Every structure is written in C-alpha cells, then in structure tokens.
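Chains as they are written, first to last, in the working numbering: chain A, 1 to 186; chain B, 1001 to 1110.
Worth flagging that the hints you see were computed from the coordinates, not collected in a lab. Among these hints, one or two may not hold up.
Calculated pairs, DSSO-like style, for lysine-lysine (alpha carbon to alpha carbon, straight line, at most 30 Å) [unchecked claim]:
hint, chain 1, residue 1, chain 2, residue 2
1, A, K7, B, K1046
2, B, K1095, B, K1025
3, B, K1025, A, K45
4, B, K1094, A, K7
Here the structure is a predicted model, which means the values were calculated and not measured.
Single-letter residue listing:
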Amino acid sequence: MARVIGKVLSATEIYFDSAYFTPTLSGGAVEGTAVLSTGEAGGTKFLREDGDGTSSWQTAGGHTQNTDTGTTGNTFTVDSDSTTGKIIVDVALGAADLSLTLTNETLTANNRTATFQNKTGTIALTSDIPPASNYISSAYGDIIGMGSTICAADRLIGYDSNTTDLPAYISIADFLKYLDTIYVKI
Amino acid sequence: MIRIYSQEKDITDANGISATGLIIKAEAGETITALDVCYIKASDEKAYKLGTGISEANTAIAMMAIEGVASASIGRFVLKGTVKYASWALTGGKKVELSATPGQFAEVAE
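Construct the entire structure; sequences and hints are all you get.
This is the structure we're talking about:
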C-alpha cells in the first residue's frame, strides 16, 4: 500500500498533508488484521520480512515435513488440557485415511509412565487378556491370578479341578514345600 | 536551505493553482512541474519528485509544488493545506497516495 498523502475534497481540490495517515501516525502499533492485501489473490500468501527493511507478499510453499529440532531437553510435552490426552498419527489406506491414536484411560491419582525396553520389536496387543479379577480357563481347570477375589495377593496361582494334588491356592511358603511334587499334567 | 514562505495564506498561481496552508520555499534539485508531489532529499536538502520507488517514499516529508521550478531554482511547495486546480477531475472522498511515477499522485478509494 502506497503512502497516503492527502484526501480529495472535490473534483478540483485536495487536502494535502505530508503526515496524512503515514505509517508512523499510530505509533507503529498497527493491528495485523488492518494490513490490506489489495491486488493479491489466492488466499495462500503470507507477509514476509525481506531482510532489507521491507516486506512483501510471498506464495506459501507446499507442505513441509517437520522435525522439532529446537527442543534441546529430553522431554516433549503435549498439554491437551483434557482427561484423556491423545497423540494421533494419521495414515493412509487406499482412499480412506485411518488414525492410530495413543491415548490413556483417565488417570485418577498418580502419574503413569510407559517405558519401552532397549529392544526393537513389535508390541503384540490383544483384547483377550482378562482383567485381574477374572481368570483364564483351561481344559483342566482354572488358573487363578494373584490378587483376584479368589486368590489372595500373598498366594500363588495353581488350581486344577481334576485333581486334588494341589489346593485351590497355596501360600508361597506352602508352594515351596510342593516344589518336589509338582508335575505338569498333559 | 528550507525557508518557510508563509502560513495560512492564500496563494494563487498564474496557472489557476491556488493553495492555502503551510507553504515553504525550497530549492529544486531537478526540474519540477506545478502540482508535482515532491520531497526534500536529506543528502542535499533540495526538492525532488517523490514516488513509491524512491527509497525515502515512506519517511521523507512530502509536499506539493504549486508552481513549476527549474533545477537549482527556488519554488513554492505546500506542506499541509488545500490545493485547488480547475483542470483537475478528481473524485471527492478518495485518498491521495503516492504514485509509482515520481511527482504524480493516485486516487484510491477510502
């Protein structure tokens, strides 16, 4: 936008003022939304400082894959201000894009940390693992997990409904006594 | 050297140009035509035509010549005030901006 130096009063008269709406008239505090872009089109340009004291409209380039090289600490925080934070990786599958979402259940008391081992591999997840209060059934009986409603936290697992060789659950001390008599039934 | 010629005084040029306001006298650094938009170049303190391509376009004091001035001669310029010229065919209400052509001005919608 060229510098404004006056205003037309009539067909034959102008009001001339060297300081008429000059860039410094408002003390330099010009709101960004007040910057006009007449003569520009496309809706993709940005105002760039050219490094020589001037600015110009530039066409935005294509998408740039970014890596945050500015982070020097060992922590990168995504503050979601939500009870369930999410990091979403969008991937393409044919015509439909799918999303891989890393998220959490609502934390109630403590911070949680998931630590990966110093290994490369694939994490195998299944929805078949029962919760702690449940048990895994087998052809020969039920294996009861420690801490369940049946097996106390200080007891070991070990239950076979087809035999009375082992009690439904035993203490660690008793388990040690059975060590020489425990067998695997197949 | 810049000298204030008069203030708030009507001046009517022989070409039908009249001006009211703050008017100064300045030495021209080039040939200037009446109604040219000019500025005082800091390096030699002389008047030159001002356009958007001039490096001082946004910083120099702009003024309008109310008479033709030969290079190295003294002429009168309006710093602030009204300028009337019967041959103009302007549109009232528009802004007056610097033009890319030094000395000219452009009408722009408010």
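Taking the hints in turn, this is what the structure says about them:
no.	hint	verdict
1	A:K7 x B:K1046	holds (26 Å)
2	B:K1095 x B:K1025	holds (26 Å)
3	B:K1025 x A:K45	violated (45 Å)
4	B:K1094 x A:K7	holds (6 Å)
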